[in-house]
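Undergrad: Generate the whole structure from the sequences, applying the supplied hints.
These protein sequence lines map, in sequence, to chains S and L.
First residue of the first sequence? That's 7 in the numbering used here, and the numbers climb one at a time after it.
First residue of the second sequence? That's 2 in the numbering used here, and the numbers climb one at a time after it.
Simulated from the structure, these hints should not be mistaken for laboratory data.
Hints may contain errors.
[To be verified] With a straight-line Cα cutoff of 27 Å, these simulated DSS-like cross-link-like pairs (lysine-lysine) come out:
| id | chain 1 | residue 1 | chain 2 | residue 2 |
| --- | --- | --- | --- | --- |
| 1 | L | K346 | S | K94 |
| 2 | L | K295 | L | K218 |
| 3 | S | K18 | L | K18 |
| 4 | S | K94 | L | K295 |
| 5 | S | K59 | L | K362 |
| 6 | L | K136 | L | K83 |
| 7 | L | K77 | L | K168 |
| 8 | S | K94 | L | K324 |
| 9 | S | K94 | L | K362 |
| 10 | L | K79 | L | K5 |
[Claimed, not checked] Residues from chain L shown here face chain S by an in silico Cβ test under 7 Å; the list is partial:
| id | residue |
| --- | --- |
| 11 | Q34 |
| 12 | I35 |
| 13 | K295 |
| 14 | V297 |
| 15 | F318 |
[As the list claims (entries may be wrong)] Derived DEER-like restraints, expressed as beta-carbon distance ranges:
| id | chain 1 | residue 1 | chain 2 | residue 2 | range |
| --- | --- | --- | --- | --- | --- |
| 16 | S | K18 | L | E120 | 36 to 42 Å |
| 17 | L | K174 | S | V54 | 36 to 42 Å |
| 18 | L | Q208 | S | A73 | 40 to 46 Å |
Since the model is a prediction, treat every value here as computed from it, not as a measurement.
All residues carry an ideal CB built from backbone N, CA and C; glycine is no exception.
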Amino acid sequence: MQEIPGDLKFMKSHEWARVEDKGTVTCGISDHAQGLLGDLVYVELPSVGDTVKAGNACAVVESVKAASDVYAPVSGEIVAVNDALPDKPETINEDAYGDGWLFVIKPDNLAEELEELLDPDAYGELIESEDH
Amino acid sequence: MTQKTILNDSHRALGAKMVDFGGWDMPISYGSQIEEHHAVRRDAGMFDVSHMTVVDLAGARTREFLRHLLANSVDKLKVSGKALYSCMLDEQGGVVDDLIVYYLAEDFFRLVVNAATREKDLAWITRQAAAFGVKVAERPDYAMIAVQGPNARDKVLGLLSADTRAKAAKIGKFVATDAQGPDGMPLFVARTGYTGEDGFEIVVPQQHAVALWDRLKDVGVAPAGLGARDTLRLEAGMNLYGQDMDESATPWEANLGWTVALDEGRDFIGRAALERQKAGGDHRVMVGLVMDEKGVLRHGQRVVTARGDGEILSGSFSPTLGKSIAFARVPAGAGDALQVDIRGKLVPVRVVKYPFVRDGKACDGV
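TA: The structure is reproduced here in structure tokens:
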């Protein structure tokens with residue numbers, strides 16, 4: 007299990023969000039989530055320019071076992087997607103918090119929505135409690 | 002209550018991810034299910050299948066009983082040790098379960114039936130057996146390990162005693178023999194499987210199962226979980242009970258017509274219903290699908306055809322082909338131009354003859 011980087015925020019549904027210096031938010035699924043899903047074989051990403059709303063599904067990741075919706079951690083506009091993933095979805099298994107990022111959002115309402123997300127400690131406790 | 006096989010601690014010690022499967026706590030994978038899949042296609046892997054139910058049938062009229070119980074004909078079994086795949090049907094021709102029957106002696110046959118259907122099967126078999134005076138005994142004292150892959154037989158044979166090794170090396174496909182394993186453990190070794198690869202399924206007394214598992218691991222057989230087992234059997238074109246057929250489908254509707262023997266004068270359960278359906282000719286059929294676009298076909302997805310809707314039965318990603326494959330049940334005459342509804346989007350799929358994969362390679366047309 008990869009260590010949870012300290013600069014991330016999490017949804018209970020296992021998405022992570024990192025606020026970059028320029029104010030955009032990079033998003034992905036947690037290392038715990040990729041472990042639950044197993045070998046990923048397909049990723050469906052949103053399009054650049056799409057408007058997404060916090061808590062709404064905006065991407066799909068599929069493993070051999072199951073398909074899972076990915077929810078937007080914050081509201082805003084998609085300004086980048088990880089084009090390398092559709093051909094190499096296993097990148098998410100290998101590096102969920104780095105090269106396995108899914109999309110970048112230019113947020114509308116960051117300060118308020120950030121409050122709703124879990125910090126790494128709270129997320130760590132959540133997955134700990136799910137394991138037992 | 003969740004049941005555990007005797008190998009449960011071995012799986013946990015290997016770091017397996019465990020899931021509930023038909024009431025059993027079983028390993029879905031030990032890390033990457035795709036790597037486990039490739040290990041079986043390219044070398045040798047092993048599966049704990051101890052959750053499957055071994056049922057011994059004893060009595061002078063056992064063969065006669067099986068002529069009545071099974072849709073395939075046990076009269077094909079002429080030599081001791083020979084095995085046969087068959088469906089067990091209800092009066093409506095629906096599939097109660099699929100199983101393997103081994104002919105061991107005229108008054109002694111062995112069945113291996115599914116885990117999730119254990120109680121239903123035992124009740125059904127016991128009820129039907131009464132009229133034939135056949136004794137039905139479940140064998141919870143046995144564990145089962147399936148060793149599969151191009152190098153599986155050699156690895157198993159290397160663990161057998163010299164005299165039984167020669168005998169086990171010679172058995173043909175769908176034949177079983179007794180053998181002696183490490184430290185003299187008594188084994189029942191069958192050249193059968195559920196992966197499309199050569200190999201053995203080994204019935205072993207529970208108290209020896211952990212030692213056998215460990216010895217197989219020592220000679221380089223890779224532990225593989227139920228996840229890999231599912232993708233392997235789907236590539237090999239093999240049905241999964243409960244997903245591809247159950248009481249709501251007949252063998253004709255589950256592409257299992259090849260297992261039905263309409264031999265003259267044999268009155269097996271469900272025969273009349275099967276003959277009626279066959280004469281009607283317009284029943285649903287099961288087809289193999291390949292999707293060339295990205296995405297994964299899944300159980301329950303709607304299949305759109307010119308003759309109305311069908312549905313995906315088993316669907317998954319095929320590690321060998323690198324794309325998605327599935328079985329689907331569709332209306333008669335649905336043709337080849339089908340689409341599957343994936344999250345509201347209609348995606349074209351191709352109808353193909355299966356198996357999808359044989360000898361580790363894609364079959365023609367897939």
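Undergrad: Are the hints correct? Go through all of them and say.
TA: Here is how each hint holds up against the structure:
1. K346(L) - K94(S): holds (23 Å)
2. K295(L) - K218(L): violated (36 Å)
3. K18(S) - K18(L): holds (21 Å)
4. K94(S) - K295(L): Measuring from Cα to Cα gives roughly 12 Å; hence the hint holds.
5. K59(S) - K362(L): violated (45 Å)
6. K136(L) - K83(L): Holds. K136(L) to K83(L) sits at ~21 Å (cutoff 27 Å).
7. K77(L) - K168(L): Measuring from Cα to Cα gives roughly 22 Å; hence the hint holds.
8. K94(S) - K324(L): holds (13 Å)
9. K94(S) - K362(L): Roughly 22 Å separates the two Cα atoms, so the pair holds.
10. K79(L) - K5(L): violated (36 Å)
11. Q34: Q34(L) check passes; min Cβ-Cβ to chain S is 6 Å, inside 7 Å.
12. I35: holds (4 Å)
13. K295: holds (6 Å)
14. V297: Holds, about 5 Å.
15. F318: Because about 4 Å separates F318(L) from the closest Cβ in chain S, which is inside the 7 Å limit, the hint holds.
16. K18(S) - E120(L): 36 to 42 Å: holds (38 Å)
17. K174(L) - V54(S): 36 to 42 Å: Since the Cβ atoms of K174(L) and V54(S) sit about 55 Å apart, the hinted range of 36 to 42 Å is violated.
18. Q208(L) - A73(S): 40 to 46 Å: holds (42 Å)
In summary, the numbered hints that this structure violates are 2, 5, 10 and 17.
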